[in-house]
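Trainee: Using the hints provided, position chains B, C, D and E relative to the given structure of chain A.
Take a look at the letters that make up each chain.
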Amino acid sequence: MNNILQFLFYILIFPGFAFCVVAGLLIAGIDRKLVARMQKRIGPPILQPTYDFLKLLGKETIIPRHAARKVYLAAPVVGLLSLVTVSLFIPIFNFSIFDKPVADLIVIIYLLTIPGVALIIGGSASGSPYAGVGISREMVAILSYELPLVIVLLTIGRKVGMALDGNITFSLKAIVDYQAQYGPMIAQWSMIPAAIALLLVIPCKVGSLPFDIAEAEIEICEGPLVEYSGPPLGIFKLNHAIKMFIMTSLFVTLFLSGAGTNFVALNVLIQFALAVVVTFISISVLKAITARLRVEQTFKFYWTYPTALALLSLVLVWLGL
Amino acid sequence: MKFPFLKEAITSLTKKPSTELYPLVKKEAPEGYRGRIKFHADKCINCGMCIRVCAPDAITRTIEKTEEGDKITFQFYLGQCTFCQMCADFCAKKAIELTKDYSMVGTDEEDFMVRGTFIKKLPPKPPVPPAGAAPAAAKAPAAAPAATEKPAEKAEDKKEEK
Amino acid sequence: MFKKLIEKGIEKSPWLLHINTGSCNGCDIELVSVITPRYDAERMGFKLAGTPRHADIVVVSGPITSQSKERLVRTLAQVPDPKVVVSIGSCPRSCNVFHGSYSVEGPLDRYCDVDVSIAGCPPKPEAIIDGLAKAVEILKTKRRGK
Amino acid sequence: MTNHLPIIAIQVLFLGAFISGLVGYKSNSLRKFVIFLATGTSLVLTLMLFKPVMMEGQIISYWMGNWVPVSDWAIGIGLEVDQLSLFFGLIVTVTVFLGAIYSFKYMSKDNGQDKYYVVFMMLAGSVLGFVFTGDLFNMYVMIEIMTFAAVGLTAFRNHKAESIEAAFKYLVVGSIGSSLILLGTVVMYAQFKTLNLAQITALLNNAQHTPVILFAFALMIGGYAVKAFIVPCHVVAPDAYAAAPSSVSMLFSGIVNKAGIYGMIRLVFVVFASMNLPSMQFLLVFLGTITMFIGVTMALAQSDFKRLLAFHSISQIGYVLTAIGLSTILGLTGGLYHALNHTLFKGLLFLCAGAVLYSTGTTDLNKLGGLAKKMPQTAGLFLVGAFAISGIPPFNGFVSKWLVYQGTFAKSMETNNPGYVFVTIVALIVSVMTLASFIKVTQSVFFGQLPKEFENAEEVPLSMRIPMWILAALCLVAGILPTAVIDYLIKPAVLAIKSAGNYVAVMMGQEYATKIYTEGIAIPKYDYAMAGWNPTSWLILFGVLLIAFALVALTGGFNPRHIVGAENNNAKFDVFFSGEAAEHSHVAGNDLFWGLKHNLKGYFHFMHDVHNGVVNDYALMVVSTTALVMLYLFLLVK
Amino acid sequence: MLLENYLCSIVLIVLGLYAIITKKNAFKIVIGMGLVDYGINLMLVSAGFRVNGTAPIFDAPTQTQYFFVDPVPQALTLTSIVIGACVTALALSLVVKIKEHYGTLDTDKVRRLNG
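Residue numbers (UniProt numbering), protein chains in the order written: chain A, 1 to 321; chain B, 1 to 162; chain C, 1 to 146; chain D, 1 to 638; chain E, 1 to 115.
What the hints contain is simulated information worked out from the structure, not anything from laboratory work. Be aware that one or more of the hints could be misleading.
Label pairs and their in silico Cβ distance ranges [unchecked claim]:
#	chain 1	residue 1	chain 2	residue 2	range
1	A	164	D	605	14 to 24 Å
2	A	22	B	57	50 to 60 Å
3	A	69	B	57	50 to 60 Å
4	E	69	D	111	45 to 55 Å
5	C	66	B	11	47 to 57 Å
6	E	79	A	69	54 to 64 Å
To be clear about the criterion: a stretch of chain C counts as covered by chain B if any three or more of its residues have a C-beta under 8 Å from a C-beta of chain B, and this derived list gives those stretches [as the list claims (entries may be wrong)]:
#	region
7	21-27
8	31-43
9	61-74
10	94-101
Virtual Cβ for every residue (Gly too), placed ideally from N, Cα, C.
In isolation and in its complexed conformation, chain A is listed as follows (with noise of 0.2 Å):
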């Protein structure tokens, strides 16, 4: 009985619902404070996303007519639901809620296109034309981002693997472990241009400003978000707030995670605050300061150089560096 109280507790509370919504909420505020005062503007709240999400609950939810209804107001709720179940899967430091190492590198690969996907369908669903350029916008990204970060996913596989027990690897508790020995993966020098690589997939990943081209505001009116209103909305902002707290919390496991304290909550802290560096340097960083890319410079970009970056660090690998 009480492994489902404990799977209850895990899903819902810690790991899971409420500590997602809470830490992605928290670093979404973070970001947007850092890059204002990075435009020497006080910039809004820390808890402005907070109070977003709260006022789109309050908003009145039209659907469009082209729509088709079900699947219009379900793809928000899936978008969230694959990012809630891949923070479970993100350990941190030792703490995870598998005991055995469960071999969970590419599922997290696969949970982390369904947000992309819902986004799309739910784009999709309402039916209008912005929103079927959004579409276009949002996949040739996803498609542009996916082979740098399944390469550097692939080396760490590899490096970790080679090191533990010669096969293969693709369970995070083990990359942990590793790290825990041999220190953090960042300090290997082999692993740096895997390390930049996954830092410039993460603004694109997360849709944040240089690459945010199926999300522009000006240019096609939020893309697949022009019809939503209220509720979905809100859900579809969260998700896009708990994505970059994953997104850089799964930086933080990869490269900058090691032993850690003994005290879960220690843990929970530093996990947190390291994700604040990581958000900093990779997301408000890029944001203060650059604008928007077009479609194809980003699919150009994101093919040519972290993808030789990631492949130059395999390739140290392979050579057992």
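Mentor: Using the frame of chain A, we list chains B, C, D and E on its own:
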């Protein structure tokens, strides 16, 4: 791969943001700012230049005959005004003044109406001279009510010319 | 308790939609300058939204020209409740210098009830911030009124 | 009694063909009943085979006319059903049964239905025969009947010029493939003087790979590559799939290319048993990777629904071939599992395409749009199929693709050869491109705005939706219970592939086999553990969350009063056109993925020129592939 | 073994493939397919040849001593010829239909399905 403004972005993190905390710290409008109109009703001589000169016809005048003179109210509708200060410049008596009050927010028409009323006393009516006395004499003492009489004279000149 | 939270949300994060019905762009630049670092409306939660569906406060600038009348009405209808209409500058209030022209279709309140007006041609950014603050109060009353 | 089941299953299908031909023109419903009966019984018979073969590991051998081998020399035609054959047999019978039910209503609009059903049953019977047979020449005859029936069905709608052209091209390329297989069979017979697969396997086990054997091997590989539509010889497939009626296209992608893959497996693993040579593995993995990549990139550039699905079938066959080429236990499991999944979700997608064709009359992506409102069930089922093929977790595509990735990457770790990492990366990118092209179809066909001429499109009749529902359910089941599917279906088949000796022993008698296999019949140990991934645990997670949130959504979201439906002429519910009146403008078909097509412009133009539609170039591609394979075999395979 | 049989069949097969690949006329392609089939049939028959073996027919009921040619390839050739005939028949019917729809047999023109 050059990142523009990266240095400025990082350094500005440490500096104080350059935002003016407006609602908390009230800010004075600069000198000579053309803000809300203030109408000194006492100085106005109802010459009507401001109405003539106002492009969007924001100024309306209503005259009301009362026993001690005609009660004139000037109404400046700020919702229609372009704050070009032409009325203030052309006003001979400097009766219109645009203050530095810039915060003109209102929810209905009334908040934008600036009104000023004054009574324009007619000069004491001179004793009616016997008929046929020279009109020139009538002209000199009645300097004050020039506007009202002028049209009357004009009408006579026209008749003579014809 | 939940209602109070949502009210706080509405008060703290009003999103703007800017509709330009033929204005001379004086008021438009002033509105956008409100979001620049100097006046930074974002610290009060204001954000320009791309579509009417995301908007709470609709800021209209410019005398309603005949071309933009039909589009204005349609876009205003597409904004979800609770919404507030703000007219910025004196054009929407009374199409100031353009009144009476063949192509101007009269002040804004012929098409919707204007909640807040900000006079000034163009109004100072501080005035716009005051106006928007006033709009947020009305938005709250509208929300509570529902 | 169980010995007779396979032959009866095959004969029932052929019998169904002839009886429906005889009784067909009289009354429609009688013919439907005959077809339903025939496909139903063959399905039941194959299912009855499931317990003895899969559970107890018994291999059924059946000699036609009871011509048992005389003094260790096979003279008759033998049927041999081991776990691998039954695995593909099950796929065939299930697909045929569902395809038959679907085509009852789907073909009702066409005339000459009795001819359709005769050829339909011939195709079904021949593929089942091909899968169950244990005789080399019998395999050739069955493959020939299959090609024949496929060409006939492609040309079924002969009032359309495209189907005639597609049929002719398919016939030319298909007959070249069959001739290659026949030539291979002839050379094998000239060498071993016997046609029985088991005996040839035994003789080959000891014999040195002489050039003649390599020549026959290369010819057979070339022939089966044409049948399985592997890339250099795939060009004919999209024309045939697009021109054939959808219930037949479902058969094409379900069983015709699976027959090619089965032939390839039987050949490479059991008969020639040469898969432990790294050079052979490299050949298959190389062919599979190209097939994967070219299939999906061509699919992205299509603007016709069924042609897009056809190119996806080719790319998924690339997945299967790559996984099988690894010849590790994990690779084989991934490959077979993906073959099963591919038949399920591709069948579902082709049926959805058929449903769209049935109610709107066109499958051009640029003309369709917004059908979800008119055909909600088909749209929902299509989404299930699209998510399954692009590998979204709860569905089966994810499981088998995940096995393929792990297999390729584990292979790279074992052999320390970076080439396999490149294969894993290509596989993952192809999976994302599959997702991209299905997003394109979803947006172009089901969502977006409904064009004027499809105002009166309505949902397809129930008898067409039942097979779709069954396939969707199977997709979900195969996705949620992978360990069960693997233990009962795929593990025995993988063991059967790996233990050729067992195959020979049953057919030719135990002592014959021990004499040949001096080192004893190696039964490989199934060391494949699901790598600790206990799917059920995180699926429960997903389920609990789903329920939790479904409740929230059902109670009308967070403010029930505010969900406002769309009254018809209120401007509030018009699509936002930045103020303009909402006229019909639907972003669909070719105007999606501009960024990608712009960057890969060179590649797409080249690919367009390669598929130029001239039969001679197709034939040239087939012959040159076989020549290259032959050259490769002679030079590298030692 | 009959070397000239095998050479002749190889020549037939290569000629057939040459016809299929280079000839632009659909009718000639069908002839090419036929040629390939006949080549393979020739090789199939000559595979069963045994020096001074007789035809595999039991003419005298009592005769015990027989030395036959291998009968199996001959059986296979029968099926193969039948299949070759049917393929040619189907191909020709399609060629007639192509002429009816496209008005030409030139494969360069019969290419609506491409890309």
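Trainee: Confirm or reject each hint.
Mentor: Against the structure, the hints:
{"no.": "1", "hint": "A:164 x D:605: 14 to 24 Å", "in the structure": "violated (47 Å)"}
{"no.": "2", "hint": "A:22 x B:57: 50 to 60 Å", "in the structure": "holds (58 Å)"}
{"no.": "3", "hint": "A:69 x B:57: 50 to 60 Å", "in the structure": "holds (53 Å)"}
{"no.": "4", "hint": "E:69 x D:111: 45 to 55 Å", "in the structure": "holds (51 Å)"}
{"no.": "5", "hint": "C:66 x B:11: 47 to 57 Å", "in the structure": "holds (51 Å)"}
{"no.": "6", "hint": "E:79 x A:69: 54 to 64 Å", "in the structure": "holds (60 Å)"}
{"no.": "7", "hint": "21-27", "in the structure": "violated (count 0)"}
{"no.": "8", "hint": "31-43", "in the structure": "holds (count 5)"}
{"no.": "9", "hint": "61-74", "in the structure": "violated (count 0)"}
{"no.": "10", "hint": "94-101", "in the structure": "holds (count 4)"}
Comparing the model with each numbered hint stated earlier shows that hints 1, 7 and 9 do not hold.
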